[in-house]
Structure formats: C-alpha cells, structure tokens
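Given the structure of chain Y, go ahead and fit chain H onto it with the hints provided.
As given, the protein sequences belong to chains Y and H, one line each in that order.
Residue 57 in this note's numbering sits at position 57 of the first sequence; the count goes up by one each step and never skips.
In short: position in the second sequence from 1, add 1000, done, that's this note's numbering.
Heads up, none of these hints are tricks.
Heads up, incomplete: computed chain Y residues facing chain H, CB under 8 Å, no partners named:
no.: 1; residue: THR50
no.: 2; residue: LEU76
no.: 3; residue: ASP114
What follows is a list of derived Cβ distance ranges for each label pair:
no.: 4; chain 1: H; residue 1: CYS1105; chain 2: Y; residue 2: VAL97; range: 36 to 46 Å
no.: 5; chain 1: Y; residue 1: TYR24; chain 2: H; residue 2: ASP1207; range: 16 to 26 Å
no.: 6; chain 1: Y; residue 1: SER27; chain 2: H; residue 2: TYR1208; range: 25 to 35 Å
no.: 7; chain 1: Y; residue 1: LEU82; chain 2: H; residue 2: TYR1208; range: 17 to 27 Å
no.: 8; chain 1: Y; residue 1: LEU82; chain 2: H; residue 2: SER1412; range: 51 to 61 Å
no.: 9; chain 1: Y; residue 1: SER40; chain 2: H; residue 2: GLY1072; range: 24 to 34 Å
PhoX-like cross-link-like pairs, simulated, lysine-lysine; straight-line CA separation at most 20 Å:
no.: 10; chain 1: H; residue 1: LYS1408; chain 2: H; residue 2: LYS1380
no.: 11; chain 1: H; residue 1: LYS1347; chain 2: H; residue 2: LYS1408
no.: 12; chain 1: H; residue 1: LYS1183; chain 2: Y; residue 2: LYS74
no.: 13; chain 1: Y; residue 1: LYS73; chain 2: H; residue 2: LYS1183
no.: 14; chain 1: Y; residue 1: LYS74; chain 2: Y; residue 2: LYS100
no.: 15; chain 1: H; residue 1: LYS1328; chain 2: H; residue 2: LYS1024
No lab work stands behind these hints: they were computed from the structure.
Keep in mind the model is a prediction, meaning the values are calculated, not measured.
Even glycine gets a Cβ: it sits at the ideal position worked out from N, Cα and C.
Take a look at the letters that make up each chain.
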Amino acid sequence: MVKELICIVCPQGCHLTVEEEKEYQVSGHRCARGVAYGRSEAMNPTRVLTSTVCVRSARHPRCPVKTSQPIPKKDLFRAMALLDDIVLDLPVHRGDVVVKNILGHPADIIATRDIT
Amino acid sequence: MADPYQMLVIGGGPAGLGAAISAKENGLSRILVVERDLELGGILNQCVHNGFGLHYFGEELTGPEYAGRMTGRLEGSGIEILCDTMVLSIHPGQDVHRVCLMSACSGYRCLDTETIVLAMGCRERTRGAIGIPGTRAAGILTAGTAQRYVNMEGYMVGKRVIVLGSGDIGLIMARRMTLEGAKVLACVEIMPFSGGLARNIVQCLDDYGIPLLLSHTITEIGGRSRVERVTVQQVDASLQPVEGTERYFDVDTVLLSVGLIPENELTREAGIAMDPRTGGPLVFENKETSIRGIFACGNVLQVHDLVDYVTEESEEAGKAAAAYVLGKATAAFAPPADRIIDVTPGKGIACVIPQKIRLDRLEEKIRFFFRVSEPSKTPKRVMLGDGERVAASFRRPWMAPGEMEHIKVDRSTLQEMQGEILLLTIED
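So that you can see chain Y by itself, here it is in the shape it has in the complex (with noise of 0.2 Å):
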C-alpha cells in the first residue's frame, strides 16, 4: 500500500509518499527528519502530548505540561485521563517531572513553565 502522507515536523508541511510494499521507502520530503517521520507514521505513530495540570496558585490556576517525548497516538486520550488527577505544589520549574514513565513508554510528563 502507498500511503501520502503531509510531514509534520516543521512547519513545511512537505507531501511525503510511503510504500509499505518497498521497506516503507520514502519519497517527497526536504531533510532527513521527514524520512523518520514517514517510516514512523506508517508503522507506529507517535505525538507529542501537550496538556495542563492542576497548580494551587491563585494567579496561575493551571500548569501546561508536555511528554518529554512522542508517546504512541493510541494512548494520547489514557495519558489526558491520568493527568485529571494530578495537582502540583508550587513553586513549579521548567521540567519538573510531574509523572515518570507515563503509561509505562520512556516519556516523562514535565512542567514546560516556571510558577513560583
């Protein structure tokens, strides 16, 4: 199967073509990360998750959070549900761990502000 597909690292947005039949050859893109990104994307794709957590602070009520790395796009709504719970105590710090190995995967979710 041939899949097209639109690179989304950078904003670019170049038009790349797997074929599944050839290895997951990929064709279309302008550098080397919109290679990866296509193999990945047909066999396993990832994201970025990027959300916000509970903070006690008066002036800053949420804290915005992000995997330190893409986690499977199966698991983004089981990891959103893991975070409802999570309330930080200040001060927070730019990357602060606030959950290790979210779902198990080598991702931590961490603090991407300082709220002192």
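Here is chain H on its own, set in the frame of chain Y:
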C-alpha cells in the same frame, strides 16, 4: 522629567522581548518594555501546544517554553519592565517621542524616549466582524479566548463544539477541546482551502477524525440563553450560501478562528502611514515606520505563522533602533536617502514587507516576506524585478496563502535595478 529612555517597547510578547534584547546586545542601556498583561510572554503563555522554536532554537518547544527562553534572557540585562500597564497614546516629536501610559499602581504618566518599538501584536476578529445571523446566545467565543480559558484559567468552555474558520488557532483548539473531552463536530471553512498550516490539519483534525468542510460557512446560530444549534451551508464561487445545502449541528459552543487583525490603534493615532494590505504600518528596510525613530515588528507589522520569524524580525528592529540611537551621537548617521524604492505586490501576491527600501542603508542582503493571494498546486516562479531585470527568483512546487514565504536579494543586485518600483510577482 527624567532622562529619556533610549528605547521604549510597547508590548512584552515575543516581538517586544526580541527587540529589547537585541537592542541591549547592540549597545543600548536605557530600555523599557511596557506590557498590559500581568506577566511577559504574550500569547505564547496560552499556546501550551508544541511546534515553536524549531527554526530559531533548533528544537521543538511549547509556547510557555519559548516564552521562558526569551524572558530568561532578560535576567541581568538591566532592561526595565512595566507590566499591568497600558499605553494610551504616542506623541511623535523631533528628537524624542512621548509615550503616555496608565497603570493601577502608578496612574497616568508620560515618558520620553528616543525610539519606540511597536510590538502590540494582533487580536482576533469576532462574530461582529463577520456578522453571522442568529441569536445572541452564550457559547460563541473566539478560538484564542477559549484557549485562554481552557489553558490558563482552567475553565472548559463547552461539550459539543463547531469551529468556524480553519486558521491555526481554530485547528489547535479543535484538538485541544477534543483531548479535554469535548466532541468537535466539524471545522467549517468558507474558502475552498484552509488558511492553517498543513501540519495542523493533519495533527489537529485528521488525527481525531474531525471533518474539515471547505467552501462552507455558518449561516445561522440558534439557541436562547446558550447556543443550541447552528446552520451550516455550502457557499458558491462568490462565497454566497447555496440554498438547499443546509445542514444542522446540535452544538453548545461555536469557536471562531476567522482571522487576525494587527492591533494598530496607537499607530494610526500617532499618524504613522499604514499599509491596507497587511493592516500594519508601512516600513523601510530596517523596520522603521514613516516616522523617524519609531519601529515596528511582530504581528503588529504583519501577521506571522511562526513565532520564530517574529523573533528574527524583532531582532532586526531592535538592532536598527540601536543603530539609530547610537548613530545620532556620531552624526555620521542618516545621510539623506538618495534613492527610495517602493516594493509592490504584483500578480498573485497579497502583501510584502518591507514596502520601502533606502538603497544606501541596506545591509549585504535583504529578505522580503510575502504571502501569495491564492493556493497553487502547480510549480510557480516567484520573481522580484523592475519590469525588465530580475533581481531574484525561485521556484516552488506549491504555495498557499497560509504560509509566509520570503525571497532574499543581494544589495549589489538591487543597486542595478532601474526606476523607483520593484514588483514581486508569480509566474507559471
């Protein structure tokens, strides 16, 4: 009155911070940044998604991380910051300009400054601006307002959502609302193409199975106290709704992502010349406006797709403003510009920045940023020239108005051009 500032920056978002930091690095010491919000960072603070910084920092950051990188550079810089303060007016002068501002703690006062950097950003068009018929029910918000409620204040704004307009903020919010448990029924776009980045269509709509209805628009919003139902209709080539194509969506929330307007009230009142195409001030090659010593950068100048380019543009403005202040002292600066060339958008081009260049002030290379007026799927050639000679050109397999492009030209090439007008066009 105290000594004038060397630079007063209006707006503490990415543009204002970039300009202030760059001015500091280029030799200015008395710099003030005025921000109306309680903290610096501007709209980046509510953009919790990632995709920022790939170009400028070489890594993928979220909005708050990008803002954190920028504010981190302020530490120890001596740049003064005034938050929770609103600039009310700009009064251009001969050598110093005056800026009048208001804050809860200090009241009304006026400050003098040698240069001003306009970095007020842009704001969203609202329902009033596009005039959708229907009731005045609750639940109709701009996508950016919803983004602030959800991401910063911690309020969910609805359960069943329709998004009007496929600009980037609308796409991002379609995903955000979905992840937070809402059902996004559709994203409706009046044009036959999306104004958002291709990557956002993929990762915000396609990933979650949200349909994108091109050449459609909302023609009626119904509901008494809260939105209950919207009517969506297909539009014809002249963007008029087609009878008999009505579809109904039972939703409690309408998010609007129908364009951004550079926020230029201060600019206009100060008498600075504007470009109706960009909605921002006309600028010279160094981001200086029609009034000497007043510069502009970021979304107040032209609406950008990428904050990375905002940072680059504002660094150029900050550097130019520093050169202006320091050059004045040596009196070597500001020789009469012998030749001013107007850069004009021609066939297929919607707008271009800068609109004017002073040949004798150019650096080695200059970049012109532009948007095409409609998308093309066939290869096109972008050309900058004086009608006979071509100063620069490049080919692209496809182009879209949603993605800002630029063309780079050498100073020496520009000096060979004839006449007072350079035309930027698209050819097959």
